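Following the hints, complete the assembly by docking chains D and W onto the known chain V.
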Amino acid sequence: MTAPDRSAAALAPDADELFLTGADWEEIADAVHDGTITINMGPQHPSTHGVLRLVLELEAEVVRSVQPVIGYLHTGIEKNAEYRTWVQGVTFVTRMDYLAPFFNEVAYCLAVERLLGIEAPERAQTIRVILMELNRVASHLVWLATTGLELGAISMMLYGFREREAILDLFESQSGLRMNHAYVRPGGLVQDVTPDFADRVRGLVTELGSRIPEYEDLLLKNPIWLERTQGIGILDADQCREFGVTGPVLRSAGVAWDLRKSQPYCGIEQYEFDVPTDTGADAYARFLVRMEEIRQSLRIVSQAVDALPGGEVMVADQKIAWPSKLGLGPDGIGNTPEYIRHIMGESMEALIHHFKLVTEGFAVPAGQVYQAVESPRGELGYHVISNGTTKPYRVHVRDPSFVHIQPIDVMTRGHLVADLVAVVASLDPVMGGVDR
Amino acid sequence: MTLADLEADVRAGLPGLDTAVAFGELTVQVPADRILDVLRRLRDELDFDYLVDLSGVHWPGGDHMIDPQLSTTGWPEHRVLGGRGVIEVTYHLLSTERNVRVRLVVAVPDTAPEVPSATGVYPTANYHEREVYDFFGVLFPGHPRLERIFMPDDWVGHPQRKDYPLGGVDTQYQGGQAVPPPDERVWSREVAR
Amino acid sequence: MGLEERLPAGILLTNLERFVNWGRSSSLWPATFGLACCAIEMMATGAGHYDLARFGMEVFRASPRQADLMIVAGRVSQKMAPVLRRIYDQMADPKWVLSMGVCASSGGMFNNYAILQGVDHIVPVDMYVPGCPPRPEMLMDGIIKLHDKIRQEHFADGRTAHPDQPVDA
Numbered sequence: 004m005t006a007p008d009r010s011a012a013a014l015a016p017d018a019d020e021l022f023l024t025g026a027d028w029e030e031i032a033d034a035v036h037d038g039t040i041t042i043n044m045g046p047q048h049p050s051t052h053g054v055l056r057l058v059l060e061l062e063a064e065v066v067r068s069v070q071p072v073i074g075y076l077h078t079g080i081e082k083n084a085e086y087r088t089w090v091q092g093v094t095f096v097t098r099m100d101y102l103a104p105f106f107n108e109v110a111y112c113l114a115v116e117r118l119l120g121i122e123a124p125e126r127a128q129t130i131r132v133i134l135m136e137l138n139r140v141a142s143h144l145v146w147l148a149t150t151g152l153e154l155g156a157i158s159m160m161l162y163g164f165r166e167r168e169a170i171l172d173l174f175e176s177q178s179g180l181r182m183n184h185a186y187v188r189p190g191g192l193v194q195d196v197t198p199d200f201a202d203r204v205r206g207l208v209t210e211l212g213s214r215i216p217e218y219e220d221l222l223l224k225n226p227i228w229l230e231r232t233q234g235i236g237i238l239d240a241d242q243c244r245e246f247g248v249t250g251p252v253l254r255s256a257g258v259a260w261d262l263r264k265s266q267p268y269c270g271i272e273q274y275e276f277d278v279p280t281d282t283g284a285d286a287y288a289r290f291l292v293r294m295e296e297i298r299q300s301l302r303i304v305s306q307a308v309d310a311l312p313g314g315e316v317m318v319a320d321q322k323i324a325w326p327s328k329l330g331l332g333p334d335g336i337g338n339t340p341e342y343i344r345h346i347m348g349e350s351m352e353a354l355i356h357h358f359k360l361v362t363e364g365f366a367v368p369a370g371q372v373y374q375a376v377e378s379p380r381g382e383l384g385y386h387v388i389s390n391g392t393t394k395p396y397r398v399h400v401r402d403p404s405f406v407h408i409q410p411i412d413v414m415t416r417g418h419l420v421a422d423l424v425a426v427v428a429s430l431d432p433v434m435g436g437v438d439r
Numbered sequence: 067m068t069l070a071d072l073e074a075d076v077r078a079g080l081p082g083l084d085t086a087v088a089f090g091e092l093t094v095q096v097p098a099d100r101i102l103d104v105l106r107r108l109r110d111e112l113d114f115d116y117l118v119d120l121s122g123v124h125w126p127g128g129d130h131m132i133d134p135q136l137s138t139t140g141w142p143e144h145r146v147l148g149g150r151g152v153i154e155v156t157y158h159l160l161s162t163e164r165n166v167r168v169r170l171v172v173a174v175p176d177t178a179p180e181v182p183s184a185t186g187v188y189p190t191a192n193y194h195e196r197e198v199y200d201f202f203g204v205l206f207p208g209h210p211r212l213e214r215i216f217m218p219d220d221w222v223g224h225p226q227r228k229d230y231p232l233g234g235v236d237t238q239y240q241g242g243q244a245v246p247p248p249d250e251r252v253w254s255r256e257v258a259r
Numbered sequence: 103m104g105l106e107e108r109l110p111a112g113i114l115l116t117n118l119e120r121f122v123n124w125g126r127s128s129s130l131w132p133a134t135f136g137l138a139c140c141a142i143e144m145m146a147t148g149a150g151h152y153d154l155a156r157f158g159m160e161v162f163r164a165s166p167r168q169a170d171l172m173i174v175a176g177r178v179s180q181k182m183a184p185v186l187r188r189i190y191d192q193m194a195d196p197k198w199v200l201s202m203g204v205c206a207s208s209g210g211m212f213n214n215y216a217i218l219q220g221v222d223h224i225v226p227v228d229m230y231v232p233g234c235p236p237r238p239e240m241l242m243d244g245i246i247k248l249h250d251k252i253r254q255e256h257f258a259d260g261r262t263a264h265p266d267q268p269v270d271a
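Protein chains in written order, with the numbering used here: chain V, 4 to 439; chain D, 67 to 259; chain W, 103 to 271.
Bound-form chain V, shown alone:
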C-alpha cells in the first residue's frame, strides 16, 4: 500500500476525501466543503476532558463529522517498561489511566503473577479489591465532577472533589501517596495496611453512602441535566460490539457484561453485588449506570473489609517477594531499623537477596499472557510478554479509553456542538490511557 496522497489535487475542494493531519491544517481549512466549516476544538480546551483534539465539520451549529486527533499525551510508557525491571514497571503503568491507578497496577501484577505461576496471599487480594473498588468510586466521582463542570453544574465539581478527598486520605494513609501509588507489586502489596484500616474504610463507606442522595437530588431530576443528557450520544449494543466498547457505556445499552462477574479476579466472586444496566444507551443512561456502580462498589467494599483475613500481604517465595520491610520512622517511610539490622548485621544472604531483588529484580519465565480487569471505563487489558529475563519484553495495554475515542464520530452526528461535549464526557475518556 502506498502512502496516502497528500498532493494539492487530492485536497482540492471537490475531492471526496480529506486527509486530516496536523501538518496540512492550512490547506484543509481553506477547502470549504459543501457549506460546512471545519473547526478545530484544540488540544487545549476546558471541555474536551483532557488533551483531546477534535476536528469538527459543522453545518451551522450541527456537527456533521468529528475527527479525533490523539497522541498529545503520548508518553512512551510501553517502550519505557521494556527498560525497567518487572517491579519498576508498576510505577510506569500506574500513570497511564491516572484516575484509576490501582486498576492498572493490579492488572499488571496479575499478569506478571500468572507468568510467574504464583498467587498473591488472600489478604493481599482482599485489600486489592477494597482499594480497587474505592478507586472506582473516586474515578466515578471525578467523572461526575468534570462532567458536571463541562455541562454547567459547577457545584457538582466541588462536591465530587470533596468526596474524593476523603478517599484519597485513605489511600495516602496506606500507600503514602494520593495518586499513582505503586502500592501493588507482583506477589502482593508492598506493605501491609495500618491497624485502623478496617475502621477507616467502614467510616468512609458510611460517609460516601450518605452523600450519594445529595448528588441525586442535584442532578437526577434536574430539568437542565435531563435536557442535556437524554437522547444524546446514543450507541446501541450492536454498535458497542463493533467498536469494542465495554464498561458503563456498554451496560447503558442493556448488555450486562462485567468482567468482575464473568471473568473474576482477586477473589471478587465471593462478594455479592449487582451489575447495573440501563436501556437508554444515551448519556443520561450512562450517568444512571455510574451512580449505581458507586453504590455497588461501596457494597463490595463493606463486604470485603468484613471478610479481611489475616496473614501476609506478600508471597512467601523469597526469590520474588519485595524484600524491604517498610515502616514509618521519624524521617518518613523507609526500611525499618530491625530490617536494616538484619540485612546489615545478621544475614549476608538476606543482604544479597535484597540487593539483587531491588537492583536487578526477579526473572519471569518466558511466555505471554493477557490479563483483563474491569476498570471504571471498561475492559483494561494487559498483554505482557516475557523472554525469561528480569525486564519485560513487551507490555501492551489495551486501554478502554483508547477504544472509546473511536465512536465519538458516530455518536455525535446530527447533534449540536454543546452535545458533543456531553457525548465526550459520557464516554469518560482519560487521555493518559488513550495516549499511553
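It is worth saying that the hints were derived from the structure and are not from the lab. Please read these numbers as outputs of a predicted model, since none were measured by experiment. Backbone N, C-alpha and C define an ideal beta-carbon position, used for all residues, glycine too. Some clues are possibly wrong.
To be verified - Listed below are several chain D residues computed to face chain V (Cβ distance under 8 Å; list not exhaustive):
#, residue
1, E91
2, D115
3, V118
4, S121
5, V123
6, T156
7, H158
8, T162
9, N165
10, P189
11, N192
12, Y193
13, Q226
Frame of chain V, contents of chains D and W only:
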C-alpha cells in the same frame, strides 16, 4: 466452555492452523493471507463478537543486543537471541456469549511487514492498526486512513521497534561531581521568604 | 504594559511598583493547561478542600488571552510542545509560567523519545514545583512563592519586553 473444548472447536472450524495452550490461554498462529478469513469465521461461526486488542511485538533477527542506554538506566541491557526477524501482530478476541478468549498471532517479516486490515470485519481495529503502523511500521492494506496516531505526523522511525532507541537525555553525573547541599547552592534569583 | 519600558528605574516609582505588583500577584488567573495526573491534583487544589480561590486564583481561564499564569500540569509530549508554545505566545503580558510536577520540570520519570525533558526547553519558567504529582499543599506553596517573586519585580527588569526584542536600559 473449557479451554480444551475451545481448542477443539477452533481446530475443527479452522483447519491447518497451529494452536497452543499456555498459561490458561489459547494462541493460534495464523499466516497473513488467511487472517481475514479466520477473523470472519471466528466472528460469524464461533461467536467472537469482540476484537479486544490488536497489537504488535517485534522479535528482531539475529543475536540482537539492545542499545545499552547507559545514560538513562546505567544498567546492562538484555540480549535477544534467535534470528526470527518478525513482527507478530497479535489479535485478542473475546466471545461474550461463551465467555472465552482467543489470541491470534500473525508473524510477518520485519523488513516489509504487511497484514490485511481487519477494519472490514471489526471496525474497532481502525485505531489499533494505526497504532501498530505508528510504532512498528506494519502496513495494513484496506485500512481507510492509515496514518500515525500517537507520534507527530512528520516523525521519522517507528518507536517500539527494538532497533529504535529509547531516547531521552543523559542524566549521569560526570566524574563523581557532588551536588552541594541546599543551603550552599547558588540560586539564580533569591526569593525573600 | 508597554509603558513600563519607558519609565525610569530607581526609587522614584517604588510605591507604584509595589502597588502594581500587589495587584498582579493577588489576582493571578491561571490558564487551564492540565495535561495528565498533575491536572487532577490541580483541580483538587482549586476545589473546595484546598481552595485556590482564597489566593485570587479561582477563575481558571480557558482562553489564554485572559490568563496570567500558565500552570503546566503534566507531561508534555513531542506532539503537544508546539501547542504549549502557541498557548504561551497567546497569553498577554505580564505572564508567568509555573511548571507543576517533575514531568513538566524535567521530564520526570519519562526519560525517553516521547516526552519533552522539561518544559523550560520551550517556555521560560518562573517556578518549578516538584512532585509526582505534587500535593495540593505543595502546589499552593509554589504559587505563594511565585506571588512573592512577583512582588519583588521592578518595572525596569525588562520582564515584560518581548524576549526577541532588545530592552531599553
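For each hint, the structure was consulted:
1. E91: holds (6 Å)
2. D115: Where the cut-off is 8 Å and the nearest Cβ of chain V is about 5 Å from D115/D, the hint holds.
3. V118: Since the shortest Cβ distance to chain V is 6 Å, the answer is holds.
4. S121: Hint holds; S121/D Cβ to chain V Cβ min 4 Å, cut 8 Å.
5. V123: holds (5 Å)
6. T156: With a minimum Cβ separation of about 7 Å from chain V (threshold 8 Å), the hint on T156/D holds.
7. H158: holds (6 Å)
8. T162: holds (5 Å)
9. N165: holds (5 Å)
10. P189: holds (5 Å)
11. N192: With Cβ-Cβ at 6 Å, under 8 Å, it holds.
12. Y193: holds (5 Å)
13. Q226: holds (5 Å)
The earlier numbered hints are all upheld by this structure, with none contradicted.
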